[in-house]
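K.L.:
Those protein sequence lines, which keep their order, are chains X and S.
The numbers in our numbering rise by one with no breaks, and the one at position 9 of the first sequence is 9.
Our numbering runs 222 ahead of the 1-based position in the second sequence.
No wet-lab data here; the hints were simulated from the structure.
The reader is advised that the hints may include incorrect statements.
[What the hints assert, rightly or not] Derived SDA-like pairs: lysine to any residue, alpha-carbon spacing no greater than 25 Å straight-line:
| hint | chain 1 | residue 1 | chain 2 | residue 2 |
| --- | --- | --- | --- | --- |
| 1 | X | K132 | X | G205 |
| 2 | S | K262 | X | G10 |
| 3 | S | K286 | S | A269 |
| 4 | X | K169 | S | L236 |
| 5 | S | K262 | X | M175 |
| 6 | X | K109 | S | E294 |
| 7 | X | K118 | X | A155 |
| 8 | X | K2 | X | L38 |
| 9 | S | K286 | X | G153 |
| 10 | X | K118 | X | T129 |
| 11 | X | K118 | X | G217 |
| 12 | S | K232 | S | H245 |
| 13 | X | K34 | X | P67 |
| 14 | X | K34 | S | D285 |
| 15 | X | K109 | S | G261 |
| 16 | S | K286 | S | L231 |
| 17 | X | K109 | S | K262 |
| 18 | S | K232 | X | Q65 |
| 19 | S | K232 | X | A106 |
| 20 | S | K286 | X | L154 |
| 21 | X | K118 | X | D177 |
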Amino acid sequence: MKAAVVTFPGSNCDRDLAVAFERAGFDVARVWHKDSALPEGTDVVGVPGGFSFGDYLRCGAIAAQSPIAGAIQAHAARGGYVLGICNGFQVLTEMQLLPGALMRNAGLKFICKTVEMKVATTDSAFTSTYQKGQTIAVPVAHHDGNYTIDAEGLARLQGEDRIAFTYVKNPNGAMADIAGVLSANRRVLGMMPHPERVVDASHGGTDGAALFAALMGGMALA
Amino acid sequence: MKARVTVMLKSGVLDVQGEAVRHALGTLGFAGVNGVRQGKVIELDLAETDRAAAEVSVTAMCDKLLANAVIESYRVEIL
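So here's chain S without its partners, still in its complex pose (with noise of 0.2 Å):
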């Protein structure tokens, strides 16, 4: 079984990378992006075979690791 992890910063937070991202963008002649935020996708391949009991493990692997609470949050995805 197969799961996505989305990171992303809070909102709130402000992301330094993707404004520098959106401010590129603009200078690339593309207008109207008004905003651009970058996070991460962690792809992770799993023995287990329950849907439910993978969602809670994955979410423990976040809580734990994968994302940092103070300025990150995270959706997670069973595929």
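With the rest of the complex left out, here is chain X (with noise of 0.2 Å):
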């Protein structure tokens, strides 16, 4: 199984992500953001998290209009998985490739910790090797996480079970707890949390390999 792995300028968690695919088992390509195409035979991309174009603007809309993006919707629109973390759910829904926006933190702060969230579904290739309600421990870094959506949009989340990670505790105000999504057909993850910052026992926990795990074992079957 093949990984991309975006950068832009600003990412800073490019590296790690590359690891922990790595460690999954995935082939893994680094590709810059003015890249217009993907590896052949991409079958995950990953959108790291960082800042971004510095954040400016707002944070990932200007890596939403990168060369990469057109790739990346394209990648998407024929099926193909991506999963995007913190700056990079940001910048999946800049793209309209996963509803809602991400607001800045409720309590204003900058929130860098480890928290706990449950695995809502287990109904995704992300989330598989999960129990459903499951807790598990992944750290937060950031200051735009409080997820917004509107009534209607919100309804069709969890109508469609389409809620992947809710916080146990709401760090950063997000509606219903929310912390990652899934797109229509299940394949695009946008998540806060950081579940490449825990796939080693030396990180501190290793909550984060299974969704990796998930991923290189739920495509190897489809």
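Assemble the dimeric complex from its two separately framed chains, guided by the hints.
P.N.:
See the structure below:
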């Protein structure tokens, strides 16, 4: 299975994300934002955390218009998998691959700590190795993680079982405690917490490793 | 030709920064501030000389990049 990890100016979790994919058995290619195509045979695109383009205008807004964004759109449109973490989640909402938007944290502070979140659905290639309702500990590090969506959009996410993760104790004001959401075809996941930062015992936790393992296993079956 | 774009959070979207500013104003003794909404102003210097064409063009810029329609509304003024 092939993963492509995108780097924008200001990305800072791209290497960690590449390592997490490698650990799970993926062949990983690194892609620059000015590239207009993904490597041949890419199965999953990783959009990493960081501060792409300095968070200018809105978090993720400028990255969402970069040359590689068109290739990511096309990849998703043909049913390819996309994983956006933190700033990557913001980029995916700005690209409208995922609904809603991520606003300034309700407490206005940058939050950098490990939080507990619940696996809200196991019906996705990203979450199939977890138990539904399982609590996992994953770090967050963001200033704009306050997930917002209109009432109709929220009802759709809930009705279609597309909320992937929820916070046990909401750190940022996110609507319905949402920490991660899936696309309608369940192949695009955006989440604020950083699973790539908990894939090795030396990280202080390994709760994120199952996500990458699930993706590897799920895609091998698909 | 110059254009000014004002981007604000839609009504109904909680503006946490505006709320913090309102609270700070109260702390400073400015009574009676019932609400604060914080937005941004973007000024554009355009080569276009036709007002109508400039407005169409700037509106497209807002839809594509300058505003996020999920949470924000915008107003275009051609100056």
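K.L.:
The structure should be examined with respect to each hint, and the outcome stated for every one.
P.N.:
Hints and how they fare:
1. X:K132 x X:G205: 20 Å, holds
2. S:K262 x X:G10: Judged against 25 Å, a Cα distance of about 23 Å means the pair holds.
3. S:K286 x S:A269: 19 Å, holds
4. X:K169 x S:L236: 20 Å, holds
5. S:K262 x X:M175: 24 Å, holds
6. X:K109 x S:E294: 21 Å, holds
7. X:K118 x X:A155: Roughly 19 Å between the alpha carbons, so the hint for X:K118 and X:A155 holds.
8. X:K2 x X:L38: 11 Å, holds
9. S:K286 x X:G153: 21 Å, holds
10. X:K118 x X:T129: 13 Å, holds
11. X:K118 x X:G217: Given pair X:K118, X:G217 holds - Cα atoms ~21 Å apart, limit 25 Å.
12. S:K232 x S:H245: 20 Å, holds
13. X:K34 x X:P67: Distance ~5 Å between X:K34 and X:P67 Cα, so the pair holds.
14. X:K34 x S:D285: 23 Å, holds
15. X:K109 x S:G261: The hint holds at about 19 Å.
16. S:K286 x S:L231: 17 Å, holds
17. X:K109 x S:K262: Given pair X:K109, S:K262 holds - Cα atoms ~20 Å apart, limit 25 Å.
18. S:K232 x X:Q65: 23 Å, holds
19. S:K232 x X:A106: 17 Å, holds
20. S:K286 x X:L154: 24 Å, holds
21. X:K118 x X:D177: Holds. X:K118 to X:D177 sits at ~10 Å (cutoff 25 Å).
When each numbered hint is compared with the structure, no violation occurs for any of them.
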